[in-house]
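Top line first, the protein sequences correspond to chains A and B.
Anchor point for the first sequence: position 289 equals 290 in this note's numbering, and the numbering is continuous, going up by one each time.
Anchor point for the second sequence: position 405 equals 410 in this note's numbering, and the numbering is continuous, going up by one each time.
Worth flagging that the hints you see were computed from the coordinates, not collected in a lab.
Certain hints may be false.
Derived SDA-like pairs: lysine to any residue, alpha-carbon spacing no greater than 25 Å straight-line [to be verified]:
no., chain 1, residue 1, chain 2, residue 2
1, B, LYS347, A, ILE150
2, B, LYS347, A, ASP161
3, B, LYS347, A, GLU285
4, B, LYS7, A, GLU272
5, B, LYS347, A, ALA152
6, B, LYS347, A, ASP146
7, A, LYS245, B, LEU31
8, B, LYS785, B, GLY741
9, B, LYS347, A, TRP142
Label pairs and their in silico Cβ distance ranges [as the list claims (entries may be wrong)]:
no., chain 1, residue 1, chain 2, residue 2, range
10, A, ALA96, B, LEU699, 42 to 48 Å
11, A, GLU84, B, ARG573, 54 to 60 Å
12, B, ASP576, A, ALA96, 32 to 38 Å
13, B, ASP478, A, ASP290, 28 to 34 Å
Don't be surprised by glycine CBs; every beta carbon is placed ideally from N, CA and C.
Letter by letter, the chains look like this.
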Amino acid sequence: MSAGRDDLDALRAEARAALAAAATLQELREVRARFLGRKGSVSSQLRAIGGLPAAERAAAGEALNRAAAAIEADAAERERALERASSDAALVQRALDVTLPGVVPQRGALHPVTRVERDMAQFFAGLGFSIEDGPEVETEWHCFDALRIDADHPSRDSHDTFFVSGGHLLRTHTSPVQIRAMTGRTPPFRFIAPGRVFRVDFDATHSPFFHQIEGFMVDERVTFGDMKGVLYAFARHLMGPEVKLRFRAHFFPFTEPSAEFDFSWHGGWLEWGGCGMIHPGVLENCGIDASRWQGFAFGMTIDRTAMQRFGIPNIHRMFDGDVRALEPLA
Amino acid sequence: MKVPLGWLREWIELPDEAALCERLTLAGLEIEEVVRSGPDLSAIVVGHVLARRQHPNADRLSLCEVDVGGPEALSVVCGAPNVAAGQKVAVALPGTTLPDGTKLKKSKIRGESSEGMICSSRELGLSDEHEGILVLDAAAPVGAPLPQVLPVGETILDVEITPNRGDWVSMLGMAREVRALFGGAVHLPPCEPNESPRPAADDVRVAIEAADGCARYVARVVRGVRVGPSPDWLRARLESAGMRSINNVVDATNLVLLEFGQPLHAFDLATLRGGTVRVRRATAGEKLAALDGETRALAAADLVIADAERAIALAGVIGGAETEVRESTTDVLIESAQFEPKGVRRTSRRLALRTEASYRFERGVDRDGVARAADRCALLIAELGGGAVSHGRVEAHGAPLAHTDEIELHAAHPNRLLGTELSRDEVVELLARVGVAAKAAGEHLRCAVPSWRNDLDIPADLVEEVARIHGYDRIEATLPVTEVAPIDRPAGYALLDRAREALARAGLCELRLFPANVPADLDALRVPAGDRLRDAVRIENPMPGQGSELSTTLLPNLLHAAQRNLARQVDRVLVFEAGRVFHDRAGELPEEPLRAVALVIPGGRTSLWEAHEAPAFFQAKGLAEAVLAELRQPVEFHAGGTAPWLHPGACGELRRADTVLCRVGELHPDVAKAFALDCACAVFEIDLDACLSLAPVSPAFREPSAYPAVRRDLAVLLDRAQPAGAVLDAIRRTAGQILAGAEIFDRYEGKGVPAGKVSVAFRLVFQRGDRTLQDQEVGKTTERIVAMLGQRFGAELR
Chain A
2 MSAGRDDLDA LRAEARAALA AAATLQELRE VRARFLGRKG SVSSQLRAIG
52 GLPAAERAAA GEALNRAAAA IEADAAERER ALERASSDAA LVQRALDVTL
102 PGVVPQRGAL HPVTRVERDM AQFFAGLGFS IEDGPEVETE WHCFDALRID
152 ADHPSRDSHD TFFVSGGHLL RTHTSPVQIR AMTGRTPPFR FIAPGRVFRV
202 DFDATHSPFF HQIEGFMVDE RVTFGDMKGV LYAFARHLMG PEVKLRFRAH
252 FFPFTEPSAE FDFSWHGGWL EWGGCGMIHP GVLENCGIDA SRWQGFAFGM
302 TIDRTAMQRF GIPNIHRMFD GDVRALEPLA
Chain B
6 MKVPLGWLRE WIELPDEAAL CERLTLAGLE IEEVVRSGPD LSAIVVGHVL
56 ARRQHPNADR LSLCEVDVGG PEALSVVCGA PNVAAGQKVA VALPGTTLPD
106 GTKLKKSKIR GESSEGMICS SRELGLSDEH EGILVLDAAA PVGAPLPQVL
156 PVGETILDVE ITPNRGDWVS MLGMAREVRA LFGGAVHLPP CEPNESPRPA
206 ADDVRVAIEA ADGCARYVAR VVRGVRVGPS PDWLRARLES AGMRSINNVV
256 DATNLVLLEF GQPLHAFDLA TLRGGTVRVR RATAGEKLAA LDGETRALAA
306 ADLVIADAER AIALAGVIGG AETEVRESTT DVLIESAQFE PKGVRRTSRR
356 LALRTEASYR FERGVDRDGV ARAADRCALL IAELGGGAVS HGRVEAHGAP
406 LAHTDEIELH AAHPNRLLGT ELSRDEVVEL LARVGVAAKA AGEHLRCAVP
456 SWRNDLDIPA DLVEEVARIH GYDRIEATLP VTEVAPIDRP AGYALLDRAR
506 EALARAGLCE LRLFPANVPA DLDALRVPAG DRLRDAVRIE NPMPGQGSEL
556 STTLLPNLLH AAQRNLARQV DRVLVFEAGR VFHDRAGELP EEPLRAVALV
606 IPGGRTSLWE AHEAPAFFQA KGLAEAVLAE LRQPVEFHAG GTAPWLHPGA
656 CGELRRADTV LCRVGELHPD VAKAFALDCA CAVFEIDLDA CLSLAPVSPA
706 FREPSAYPAV RRDLAVLLDR AQPAGAVLDA IRRTAGQILA GAEIFDRYEG
756 KGVPAGKVSV AFRLVFQRGD RTLQDQEVGK TTERIVAMLG QRFGAELR
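Here chain B stands alone, though its shape is the one from the complex:
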């Protein structure tokens, strides 16, 4: 809400601007912006005329010595007849630009140098007065910027109003708040019109048919009005508050809306059929041509103002075009009502039509201010457009809106909730400042809620008022005293945290991405119809260009992100995301299992020290195994798998017993292509939910053997199609207890190796924990292994 301070000053005395803004902000009226209208005079300073003498070469000029707070007084030539020694004046120094655009320079005037200019009101853009210089208050501090001593233009506060405080959205509300914070008295504008003898009841009848939609309806009639443009002061006032001037009658209703927060509407009485105002629900198929030029179909729940035949306004939202006040209007019907807030909000939301009126009705108006606003408006219309205010108001009442008249507050409640030590008298005084009259009743205070405070309902609401006016900043910060208790973390949260840590430690960069996709993303992953990944939760109101379904897999967004990185010329991408995915469960809240997905795109770049980087798949496999080890999940690798987005010849699973904890593989070439990834790319997905269901196995201490180990390297020729992992497994089983370790350390095909064959080298380490091995034992075991390799795999030693 825009609050012009000059206007507010007419309602209540104001403290200085900085203090006002500070206290209002702390009290819940956040000042979003301070806007100043009028010329910028911050470069003009206050000067003190120390001496004045006649210019030696010009009769009409004076030569002044002016102190502007600098080390030396300035010499200034001045042409104004009213300049005199001892005056405080506004001085523009060389380099300053005046509001009319003139830039001042040091100059010589008739042989005397002038080091500045003493300004008139007109030169400062303040008025047309040019008879002489502007003489300031004698107390003005020398050297101060002019705006500090001379209120120039209007200062407008843009205040954020919280949705509970309908009563704040007016000058009256602001004035009350200033009174609460700084004291003083609120002055209301005149509200009692001179009435003609003719009874208003002769002009119109009012009936509330939808009693639950309207608590009170007050009509006033002004006859013989001349509709025309508003005077300058009224136009300026509306504009300063951000409203547009229409004509004097409409402007009067809007002015009262701004003054009292009570929305009003003016009808052209002559256009009302049947001399009747009815407050009723809309009928089936009813339409209203509104003031904004649009015709809207009404819903049965909409509350309308109607005459005998048709709807003429949407109650609390907008008036109708057919009954609007125009130049030909002579007789005006003023509507002031209290509509039920939720109904106004529903209609306004349904039609996406938010008006100054609906904004205030949604937040609630002062039930005791309805009649006053109608009176004030009638007075203004008669003043502005002539005409005679008919005698009396025409009123109707519906069901009163629920409100709290009195709240019983335990006198110790504020201290108990706030941690303050306020006396009972202080509490009573603080409440009185916001218009709440508190009377002692035993240990309690009986607190009368003023009619404009629709938001006060329970004792805690009053505690907030006490705290607000006392000042939140004056409540001492303490640390709670409570019992010591061990803390808890949900297992899923803890696992997600560990997984992220492990993935980052393994060298991957964590991304966080918006967890939504378009169905085409799943097509690109080759996910078949009917797959569980297709059971997505749909976003009913997706943003343009963003996903329309919550992610059932984190993979597509990671692939998109990888593609963007490649497009930014990043050549090596190791990224992961860990978090929830969403599977629809018709009717119930979706399942939100935890997943971690990682992606490896090798740079294809050899480092100074390494001849080549491992292929994407083996990097991904190693990372997956390392992460699962970190998560204390003992797993075994199984070749193959079922994920349609993986390369069928380069994928596998990490399983613990029968549970698949991770799928790893190179991206299927079609999928890579669909995501515009023109490079080798491997991915792995860890099912963190599955990990949660399996108890982690912490590594146990094992004493390293004190006896020497014996190393044997075996290079064998195998069929190219023979998986080396199976051979390694067979070696382990054959070797038995004395094999302490076995690994594949070389693989070679090419020159020297027959076609269709591959040379694989195994490094075997033999060791016992209880004694030194004998050569014979190692020899025999090795022979057994070689024999087995020959028999089972047709392998020959190289």
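Chain A extracted, bound-state conformation:
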């Protein structure tokens, strides 16, 4: 019986099938003995080599050895696989009920207004706007007069002001920060001023306090078009590329020209904020030469953006301290 190449390939294929069929380590040992043992197929072939012509013996022997080594490697691999399977089977015997709940760390939550305010501040930081703040109890000068909101002018009517002891008031908007920031500073500069403001107004859609973000920039050539560009970029940052803005002429005593701006997200216009080129009189009130410097200012509520972002139906739901509603917004 000669051990031709084809025979060896067949032998190896037969061994591989037998190894694969071995389901336990015991069966594997039997298969191994059948092929590699002293009375196994390989041994009998080895014995047959002795009957070959001398010139063929060396080549046939080498081929047989290679086949034997390959079968041995296959057997070892099968053995490892069977061992792993058997130890895994033992582990499954001691399985956890993995459907029990995981341990959830106590999750805190920043207030929706805080989160939106941070997002806004981060956007403006990217455009090089510093942050400025000011007191919440203000003087009439900073809150109204310096902004040209005259006590005897109807424009004061829209500010339902809380007056406090000492002849002061709770700021009705963040614009007084403009006055404080610009006074004593030389342009160019650009700031945002986020913060809490107060109005004597309490009904279904009004809270006596809410939050605004004010932005202003003064330089030699900064224009109304620049203001539109900044607000467009801001709107896209907050609401995505499909947002639209609309600027409507309006009146504010502290800007000229003035505008209100609305956004449209998925149809319909929603009022967002007010803006305009800072009135020269305001610049002069802050000691800035209005013949050289000009700039824009804008302001909007943070709350409305927060309500929109989180789908909060009513402003009071943000400020009534209901942790059931606020915690899941984390």
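Given the structure of chain A, go ahead and fit chain B onto it with the hints provided.
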């Protein structure tokens, strides 16, 4: 302001409604609402009569084929004699409800089916005409809703007027704005009355005594008037603008107010004493019985219209009852004046009396329109009530109000401010559209301000007009070009931000609450009189049911919020608020220090994996320490403290050197009770302002030891009253350098521990950074510690 479009159309040609609303809104006249009067005919459609033939079974009926834009023409039976092929008609389809409430169905009329109804004007509620069907314009598009082709009823725009534009509050003002935006010509109603030969000056004398309160006063007299109800058209017109009809004379003054924005007043001339009108300040103790039935005490600053003896009207605000025009009135004095706006506003505000007149005077009237309005009103009264208009006006002048006649505008100013590239001619043209005549003068434009534009004062005002009429939407959005500069954040702002972040990360939910309290809140906190927390800023006009003082501590509102949460069956409350509190500083602006207050109410609920939740105090203490660590403030805990709202046996302070940065403790039971908190509750308050004054210490890198550590656990019996923290401190000091860590890992009292004693277990970790410790070293140190514990604390090893 309510603007009926049919009325406005008499002043100027209007574009289609959508374009009008859009442009007005963008130009600053925000349309708040569009109100339609008349029947709703939006379900009625335009039909085309393709063919008409005689109904086979009825002489007076026709059978029509009508195209309403559907796939097939409808068959409709019609009883009107005037229906004919080729007509465009109004068709109600089955399912439609007509204005009289009839609901249409498919029907058979004398054996022929009818799939709709061709309507008459009466059936549509448009008129009493019922002779035949309504025939529409031949160009009407088939299938279109009827309101699109037939103006039905009146459309009224409710327009928001900005407070700077007194000139907008009239039909004339609206017409001018339409002209500015769309072009066209403004048509004024007739303003020249036929006069009788009798001079008005024979009837009345006018004197302005308070010259600073009234720039101009014009009186007109109409004699022999029959006062009575107004005709229907006038009543309808006033009502459409939101005013009530009184009588023909008063209605005439109100109509002119709506037309020209000039408030007028009509007096019964016969009731004026001394034949004199005086414009003067009120005298001490003077009173006026006003038209609204109320008698008001006047202040010395109030401007009044008086006769020879008494005040008869509050100038620019309201007329007096004694001189009002009534049915018996025959001779009427018409007042048209220009009052000083701020004075009118002060009086109106003081008396909380806002009228159509005060609203307009506050915003300023057209100084050149005063006489015209009086003339127009005289004409109307004579038309409506008969009577003869006396010859001429009786006028008086006070100090003219400050106004700007001319503004010099640099021709490049609009482009410089707006970022546009408008030519000089375009600027001139845009200004001309709002009535500003601009003439070139070198690099500048000399701009003449029209008499009705009290709001135009400086070049920027003209730039706004240029931008407004050009269109804000046509100004290109660009990004500013400027120098790069580093940004800045105020230290307080940055710290507040970090504190909020740290508190939220520690597992607390941030609340934002109205920062006001009532004094009883401080009583409930057991804050003694004279305490700094009592130095609150008072709110002079608090809202009912809300706090009357600005918060000096954030705690009470947080406790109220916690209580509300418990009431909503939340069993575990971990919340905080961070922000400003307010301390009064007489005269100056209050101090506004930054605080963070947090509250822990454990749920008392064990989780699946943990046997019990830590007591409230220890949760609060741990959270406070974690937050201060996050704020880079190295602190030490000291038992005890002084806050009256804390449990005296369960409180402490976190101090950095001598500065208290945080007070932590269980809520005093009396305080918990006062806030209706029926559960264990611990709070901590971080003084962020104090943190601001101390430089943060960032953690520095330390190489962990490469040598093995040795662990020793010591369980000792201590007196129950002995604070374990002090024992731990003593262990640390005794152990010296080789102690790498020490903690308390168990505390036990009960079975096996003598009464009055407690078993406390310490875990000590010994390690050196430079070499492996020898057992002997650890042994000796441990012995030293045990000896020390015995000597100093009477502790025995268990």
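Hints, verified against the model:
1. B:LYS347 - A:ILE150: holds (13 Å)
2. B:LYS347 - A:ASP161: Distance ~19 Å between LYS347 (chain B) and ASP161 (chain A) Cα, so the pair holds.
3. B:LYS347 - A:GLU285: holds (24 Å)
4. B:LYS7 - A:GLU272: holds (21 Å)
5. B:LYS347 - A:ALA152: Holds, at about 9 Å.
6. B:LYS347 - A:ASP146: Answer holds: LYS347 (chain B) to ASP146 (chain A) is near 15 Å, not above 25 Å.
7. A:LYS245 - B:LEU31: holds (15 Å)
8. B:LYS785 - B:GLY741: holds (12 Å)
9. B:LYS347 - A:TRP142: holds (19 Å)
10. A:ALA96 - B:LEU699: 42 to 48 Å: violated (54 Å)
11. A:GLU84 - B:ARG573: 54 to 60 Å: holds (58 Å)
12. B:ASP576 - A:ALA96: 32 to 38 Å: Check passed, 33 Å falls within 32 to 38 Å.
13. B:ASP478 - A:ASP290: 28 to 34 Å: holds (32 Å)
When each numbered hint is compared with the structure, a violation occurs for hint 10 only.
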